[in-house]
Amino acid sequence: MGMVTGGQLVGRMLKKEGVRHIFTLSGLHVAPIYAGCVEEGIQVIDTRHEQAAAHAADAYARVTRGVGVAVVTAGPGVTDALTGVANAHAASSPMILLGGAAPIFNQSRGSLQEMEQVDLFHRISKWSDRVPTPELVPAYLAKAFRVALSGRPGPVFLELAWDVLCNGVDEDSLQIPKSYRTDARQAPDPRKVDEAMALLKSAERPAIIAGSSVYWDGAWDALRRFAETAQIPVYLNGAGRGCLPAGHPLFFQHTRKEALSGADLVFVIGTPFDFRLNYGAEPTFSAESKIVQVDIDPTEVGRNRVVDVGIISDSYSALTAFADAAPKGKRDAFLSGLREREQKRLRDLEAWTKDDNSPIHHYRLAKEMSDVANSAGQDPVFIADGGNWVAMAAKVVELRRPGRWLDPGPLGCLGVGAPFALASKVLHPERTHWIIQGDGSFGLNGFDFETALRFKLPMVCVVGNDAAWGQIRLPQVQMFGEDKSPGTLLAPTRYDKVVEAFGGHGEFVTEPAQIRPALERALASGTVACVNVMLDPDAPVKAGAMGYAV
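Start counting the sequence shown at 51; every next residue gets the next number (my numbering).
Bear in mind the hints are in silico, worked out from the structure with no lab data behind them.
Be careful, since some hints might not be right.
[Claimed, not checked] Here are the computed distance ranges between Cβ atoms for each label pair:
no., residue 1, residue 2, range
1, D96, D429, 20 to 30 Å
2, A574, M165, 41 to 51 Å
3, T560, P126, 38 to 48 Å
[Unchecked claim] For lysine to aspartate or glutamate, the following EDC-like pairs were computed, each having C-alpha atoms within a straight-line distance of at most 16 Å:
no., residue 1, residue 2
4, K176, D347
5, K251, D314
6, K193, D179
7, K65, E89
8, K445, E392
9, K378, D244
Just so you know, even glycine gets a beta-carbon here, dropped at the ideal spot from N, CA and C.
I would like the entire structure built from these sequences, with the hints used as guidance.
Below, the structure written as structure tokens:
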């Protein structure tokens, strides 16, 4: 049949896996991959920084619940992408980074951009290796897909040297893997399901905290069915946001501390006992609470917190088993009391969402943005990239569907805004995309709004501009004083002008009455738009919303 190069084989394997786009920043070391992708009809989206390419691949994996792929050149291209891989690892996102390298015959001789790359990723990926020959490209990529998507998902790094990509292989001698991975689910141990249901039968104040794996496993209907059958309040974090829609009678958002600390039984579904849950400790959880923990990763069960029932399973299988076996609950008094407290919190928030003072309060901006984004006919996706502005917006933004909230995850990495939006928009052009952007985080990958314009991917970036690294500055000043808080202030930069210079649409907002018209004009512009809103730096303190984690 003829000869085929390693680069062509990469393209064929990506197409076989259903990958329709890759993210990159051009480099000659990986040019054969570009050629192979063009032949297979895979779109190559080139960003302005390799970190952005890695972040975009991470988001692509999350939106498709498959693999996302970034391709970067050797040396600094690989190291620039390192943070994106680390972020995907912390968020359990199955991205694959393909890194170029000097020709094997020149390695260890001081080749251009030559350095040890494989070892960099051993602690922040599920697998890191180099492909030794063109013949093995299909087998190594098949393993990469299998490893990235199996069990707890995560990133993979593969190094491909120039000659591995350029050299030809006789197609007749090739063995292309076929059934190289399974999509089988992992069912829970029936004994453990029985133990969990026995605890539920005697529980008076149960609660569910469900995280990202509910989204990854497509388990939102099973979650709803379990909660409705047993009448249990549900709290969501991470990519789990939106898996019960706003307005569902069992979805709660503002009473998590009261519910978890006062619960006699908590189902912890697919979310770790990390800093977001105070490591499972008091006061977030009562020491007397019974815990049922579900996770696909056995090493997560019981980490940081003793559990009463530990279940190794994907979230869909576990929640389906729970829904089938759960006793019908009737907890009217418990739920109505919780709802009353929820409504009180909402009323407290509402006062801030209607605040007419200048500078603008974070909650006022968030409410206006949520209302415009969720206006008739819109299907919004929100990308969270920042500190206090993002944390406060998360309490106000209304999510109606799964997969409509993208944040960096537990690594807390800034700079995901434009890259995440690129990947999501290219997959779902019919959805509107709203980037909740801090002014500090804009500086990390803001140049990729130019990428969005080049590829005609409209989106709205709402910059909450407090001219500071606010989430750091506020506690730092409180703890150490103004004179010992260097490196926390920024200039009140006109980020709207930056996007205008790229060819996009800009709006500058300083008064509350200007917010909605500016957001509506930005959405109607049909291009990449930046709404730069000057916020009150002290608003988090005034609203009691200041927080930090170390």
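Taking the hints in turn, this is what the structure says about them:
For D96 paired with D429, a C-beta distance near 28 Å keeps the hint of 20 to 30 Å intact. Roughly 48 Å separates the CB atoms of A574 and M165, a value that falls within the hinted 41 to 51 Å. Against the hinted window of 38 to 48 Å, the Cβ-Cβ separation of T560 and P126 comes to about 40 Å, which satisfies the hint. For a cut-off of 16 Å, the pair hint linking K176 to D347 stands: about 13 Å separates their Cα positions.
The hinted pair formed by K251 and D314 meets the criterion: a straight-line CA distance of about 12 Å does not exceed 16 Å. A distance of roughly 11 Å separates the Cα atoms of K193 and D179; the hinted pair therefore holds under the 16 Å criterion. Simply put, K65 and E89 have alpha-carbon atoms about 10 Å apart, close enough for the 16 Å limit, and the pair holds. Annotation: proposed proximity of K445 to E392 holds, straight-line Cα distance about 12 Å (limit 16 Å).
Taking the CA atoms of K378 and D244, the gap is about 15 Å. The hint holds against a cut of 16 Å.
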